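S.K.: Here is what each chain is made of, one letter per residue.
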Amino acid sequence: MPPPNTPGEGVPAAGSSPPESTEQYQVQVEAGQEQEDGRSRVAPPAAASPIPSIPPTPAASPPQAELPPRVSPPPTPELQFASITTSLESTSPPRPSLSTDQSTRPNRPLFYDHQALEYEGPYDETLQCPICRTPFYLPLTTRTCGHTFCAGCLRRALELRPVCPIDRQPIDKDHDIYQTRVINDQLDRLRVKCPNKGCDHVCTRDRLPAHYSRQCPFSMVPCPDRECSHRIIRMNADPDKACLHRETSCQYCSATVMIADLDSHYDNHCAGHTTKCTQCDSVVVRHRMEGHIAAECPETEVHCRWHPYGCNVFGRRATMQGHQRAGCVYEAIAKLTQARLDDRAVIDELKGRVSTLSSRLNQQEQELRGRSRPSMGHSTGVPVSDFDVHTSTRAASMPYNSAAWGSAEDYMLAQFERIETNAENLRKMVLEINGHHNLRQLNDTMRLDGLISELQSKIGVLGMHTTWLMNVQRQSRGQQRAGGVAGGPPAPEMSTGNSGNAGARMSTEGERLPYMGIPPRRHSNERGEGRGENPPRL
Amino acid sequence: MASQKRISKELADCSASPPAGMSITLASDSDVHKWHITLDGPVGSAYAGGRFGLIVSLPTDYPFKPPVVTFATRIYHPNVTNDATGAICLGLLKPEQWKPSTRVQSVLEAVRALLVEPNPDDPLESRIADEYRANRAEFNRNARAYVNKYATGPVTFSSAAAAGSAAGSGSGSGDATGGKAQGS
Ligand SMILES: [Zn+2]
Ligand SMILES: [Zn+2]
Ligand SMILES: [Zn+2]
Ligand SMILES: [Zn+2]
Ligand SMILES: [Zn+2]
Ligand SMILES: [Zn+2]
Ligand SMILES: [Zn+2]
Chain A
1 MPPPNTPGEG VPAAGSSPPE STEQYQVQVE AGQEQEDGRS RVAPPAAASP
51 IPSIPPTPAA SPPQAELPPR VSPPPTPELQ FASITTSLES TSPPRPSLST
101 DQSTRPNRPL FYDHQALEYE GPYDETLQCP ICRTPFYLPL TTRTCGHTFC
151 AGCLRRALEL RPVCPIDRQP IDKDHDIYQT RVINDQLDRL RVKCPNKGCD
201 HVCTRDRLPA HYSRQCPFSM VPCPDRECSH RIIRMNADPD KACLHRETSC
251 QYCSATVMIA DLDSHYDNHC AGHTTKCTQC DSVVVRHRME GHIAAECPET
301 EVHCRWHPYG CNVFGRRATM QGHQRAGCVY EAIAKLTQAR LDDRAVIDEL
351 KGRVSTLSSR LNQQEQELRG RSRPSMGHST GVPVSDFDVH TSTRAASMPY
401 NSAAWGSAED YMLAQFERIE TNAENLRKMV LEINGHHNLR QLNDTMRLDG
451 LISELQSKIG VLGMHTTWLM NVQRQSRGQQ RAGGVAGGPP APEMSTGNSG
501 NAGARMSTEG ERLPYMGIPP RRHSNERGEG RGENPPRL
Chain B
1001 MASQKRISKE LADCSASPPA GMSITLASDS DVHKWHITLD GPVGSAYAGG
1051 RFGLIVSLPT DYPFKPPVVT FATRIYHPNV TNDATGAICL GLLKPEQWKP
1101 STRVQSVLEA VRALLVEPNP DDPLESRIAD EYRANRAEFN RNARAYVNKY
1151 ATGPVTFSSA AAAGSAAGSG SGSGDATGGK AQGS
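Keeping their order, the protein sequence lines are chains A and B.
All residue numbers for the first sequence refer to this note's numbering, where the first residue is 1 and numbers rise by one.
All residue numbers for the second sequence refer to this note's numbering, where the first residue is 1001 and numbers rise by one.
Derived from the structure by calculation, the hints contain no laboratory data.
In this text the structure is predicted, and so the values were computed from the model without any measurement.
Just so you know, even glycine gets a beta-carbon here, dropped at the ideal spot from N, CA and C.
There may be inaccurate statements among the hints.
[As the list claims (entries may be wrong)] The calculated BS3-like cross-link candidates involving lysine-lysine, where the alpha carbons are at most 25 angstroms apart (straight line), are: (1) K173/A x K1099/B; (2) K1005/B x K197/A; (3) K173/A x K1009/B.
[As the list claims (entries may be wrong)] Some chain B residues flagged as far from chain A (calculated, every beta-carbon gap over 10 angstroms): (4) S1015; (5) A1016; (6) S1017; (7) D1031; (8) G1044; (9) V1056; (10) F1064; (11) L1114; (12) P1123.
Bound-form chain B, shown alone:
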C-alpha cells in the first residue's frame, strides 16, 4: 500500500517529464507495478534509430527492493543478456547496491547512459564485451545489425513473442537492412 503511493507518484512524475527519448505506459491500467517504456536509441550511439522496449517491474516492497528492468527488444550489448530475457546488469539495481531513495527515473536514465557508454568491465555477455574493447568497429556493426533486425518496427512488450517473431522474420533480411542502415 505504502509503496503503491510512491509508485503512483513516480509514475505521474515520470509521465509528466520522462527521461529523454522515453515514453512510459502501464502494462495494465490496474497494476502500477509493471511499466512499459519505449526507448529511442540515443543519438550518436550504435543504437541510434532503434526503438527499444523496456519492462520495469517494481517489487511489492519497492522501494526497499530494487526494480527489475529488462529489455523487451533484443539488443547487442555487453551488459544485456543476448537472449529473449533481456536482463540488464546495472550497478545501481544490484540488491547490494540498491538505495531505497533511488527513483525509477534515475534507473531509466542509467539504462540510457548504458546504451551511450557500455560498461565492458561488468559484462553479462563477455564475448560482446571483449569485442567492444578489442574491435569497436565490429561491435558497432553487430549492434546496428541487431537494431535493424529487432528494433525498427513497433515495440512489442511480450518479450517472448517479440523475440520469436523478430528472430523468425529478421534472420533473412538482417544483412540487407543492416547495409541500408549503414548507408544512411
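This is chain A alone, in the form it adopts within the complex:
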C-alpha cells in the first residue's frame, strides 16, 4: 500500500532530498516544517507569530492521518522544534511540490529523544537546561529575565502556565522569547553516544542526526519489502532478503515471534532464554552456552592446564582444578620452560639490537674518519699527520663496546669530545708556533737594523776620509803650481777649526779661479763641515 522507498538506503525518504546530503538534519527540519504548514491549515493561528510557532500539544502536531499505518515513533519534540528552527524562513512560501510529496511519503524521518542522549564526559553546567537537566536543545531565552531553556521544555512549561519556569515572570510565548545562538557552537561540539541499543558510536552532537538517520546499523528503517509496513534495524534491511516480518515459532519456548525480533526475544522475553547445562545442571543463558562449556562448566572434561608441557592428566574441570591446585609436577617444568622461552626472546632481541648498533657504529666511524682527515690536514701543518694517524688507529683499535659506553649516542658523544679536545690542542700549538716565529723574525730584523746603521756610519766616515785626503792632495798640488811662494805646508792650518773648510773651498774654486778672493759657493761639502774636523775618529 505505501509507495516505494529507496530500498538500499533504508532511510525514510526525507522527502526528495539528495541522499548524499550531509544536511540530513536540515532536511528533517524542513520536513517538519512542511508538516507544520500542513497542520496550520487546519489550525491557522500559530503561523502568524513572529516567534517560533509552538504547536499547542505534541499529539496535535504530527498529522497522523497522513501517515501510513506503520509503527511510527512516538511524537517527539523534534517536530515542534523543527518549526522553531526554520521559523525565520517561515515567511517563504511553502513548497507545494514538497508538500504533496510529503503527504504521500511512506515514512517520516527517524527521530530520537534528545533528552535521553548520553553525553560523553562532563559538560559545562551553563549548557544545562534547568528543566530537563540536559544540555540545551534548540535553546530559547526569555527577554524579560534572560533565562534559557530548550525550546521543547519551555513550550511545555508555558503551555501549563505562561510564566518563566525559574522566576515566574509572565512570559508571552510570541514576544518574550528569542533564539539563543551564541551557545550553539558549544552545544554542537558536545560528544554524545548514539542512542541506538547495540551501537557504540560516539560523535559530536551536530553529527549525530546524520549518523542516526543515515549510517547507524541499529536504526530502525522501513522493511525493504514494499508490501510490509514494519520497521527493521538497518543492518537486517537487506533488499535481497525476504521480509523478516514473518512469524515463526521460537525454537526454545515455542512462542510465536517475528523473525526480525528473534534476537530481542531471546535476550528479553524467551521463556527458554536460559537453559540447563547438560553436563553440570547449572542454569546458563542459552547463547552463552558455548562459552560456559569452554571455560566454566565444572563437568566438562578437560586436560590439565600444563598439558602442553607433558601432563597427561585428563578429567572433569572440577577435579582438574583440584589437581592443579594440589600442584601438578609439570607446573614447575612449564614455568621453567616458560622462563627459558622468555630469556630466549630477550637474548634474541638483544642480539638483534647489538648487530644493528654495531653496524651503525661502523658506518658512523667511517664517516667520521672521512670527515676529520682532510679538515685537520688543511688547518695545521706537520703535526697533524702524526696526530691523525694516532687518532684513527686508536679509534680502529677500540670497537664499540656497549657495556663500557652505555649507548651508541654516548659513545659517539665521547668520540666527538675527544676530537674536539684534540682540535683545541692543535689550535694552541699553532698559536705557539706562530708566536715563536714572530719573535725570531723580530729579533733578526733588529739585528740587521743595527748592522745596517753601523755600516752606514762607517761609510760616512770613509767618505770624510776620502774628502780630506783629496783636499790634502789638491792643496799640495796648488802650492806646487804657485811656485812655492807660499812656502809652508798647509798642515798647520788644518789643525784649526775652519782651515779644512777654507782649504776645501779654496781647492774647488781654486781650480777655476786660482788666487782670487771670490765668495765661497755652497757646494757638496756640508757634511765635510761636520766631519771634516775629526777624521781620526775612525
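Please arrange chain B with the ligands on chain A, whose structure you already have, making use of the hints.
M.R.: Chain B with the ligands alone, transformed into the frame defined by chain A:
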C-alpha cells in the same frame, strides 16, 4: 521519557549527596517515579529522635507538574494532615507556585525546614496551628507524643498499614513512651 532522564539524574544526585538526615530509595527498582525517603527528625525541633517516612511521587509530566510529597509516618504538624494520607501543604509544591526548574532535592529540604519551623499561617490542620501559635509547650508535648507513638520503629512506607498498626499498638503505650522521651 524526557522526564525519566531528569528524574534518574536527580535520583543519582540525591542519592550521592542526600539532604541532611535523609536517605533515599526507590519504591521499586523499575519505577523511578516513586521515591521512598527516610527522614530523621531535625535536632532541636519537636520531632528530634523520630524517624519519618516520606513518599515522593513524581508525575509523568514532571518537572512540568509538581511532585506529590506525603508523610508515610503520622506526624503532629500544622501543615500535614493528621491522618493516614499525610498530605503536606508546602508552598512550592502548589500547582500555581510550582517552578519546573525546582528539584526534588529542594523540595526535600523544604519539607525538612517545615519540621524545624512549621508555618501556622497556611495550615492544613487549623487546630494544631492554633495550638502551635497559642500554646507552644502543649504543641511540643503532643508532637513528641506522636513521635514516640508512630516514629520510633523502623519506617514503613505503606502508609495505611503503618497508620493502622501504629494506631493499634501505639494507643496504649503512647503516654508511657511519651514520658520516657520527655525525660531523656
Ligand atoms: Zn526567568
Ligand atoms: Zn531542556
Ligand atoms: Zn549508532
Ligand atoms: Zn517486513
Ligand atoms: Zn523463546
Ligand atoms: Zn555446565
Ligand atoms: Zn597436571
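S.K.: For each hint, tell me whether it holds in the structure or not.
M.R.: Outcome of the hint check:
1. Straight-line distance between C-alpha atoms of K173/A and K1099/B comes to about 17 angstroms, which keeps the hinted pair within the 25 angstroms bound.
2. Simply put, K1005/B and K197/A have alpha-carbon atoms about 16 angstroms apart, close enough for the 25 angstroms limit, and the pair holds.
3. Only pairs whose Cα atoms come within 25 angstroms are accepted, and K173/A paired with K1009/B is rejected, the gap being roughly 28 angstroms.
4. Its beta-carbon lying about 15 angstroms from the closest one in chain A, S1015/B satisfies the requirement of being farther than 10 angstroms from that chain.
5. Distance check on A1016/B: its Cβ is at least 14 angstroms (rounded) from any Cβ of chain A, clearing the 10 angstroms threshold; non-interface status holds.
6. The claim that S1017/B lies off the interface holds: its Cβ sits roughly 15 angstroms from the closest Cβ of chain A, which is beyond the 10 angstroms cut-off.
7. No beta-carbon of chain A comes within 10 angstroms of the beta-carbon of D1031/B; the shortest separation is about 17 angstroms.
8. No beta-carbon of chain A comes within 10 angstroms of the beta-carbon of G1044/B; the shortest separation is about 32 angstroms.
9. Once the 10 angstroms rule is applied to beta carbons, V1056/B is consistent with being away from chain A; the minimum gap is 17 angstroms.
10. With a minimum CB-CB distance of about 5 angstroms to chain A, F1064/B fails to clear the 10 angstroms threshold, and the non-interface call is violated.
11. Here L1114/B stays apart from chain A, with its beta-carbon at least about 21 angstroms from theirs, past the 10 angstroms limit.
12. At roughly 24 angstroms, the least C-beta separation between P1123/B and chain A is larger than 10 angstroms, which holds for a residue marked as non-interface.
Hint check: violations occur at hints 3 and 10; the rest are consistent with the structure.
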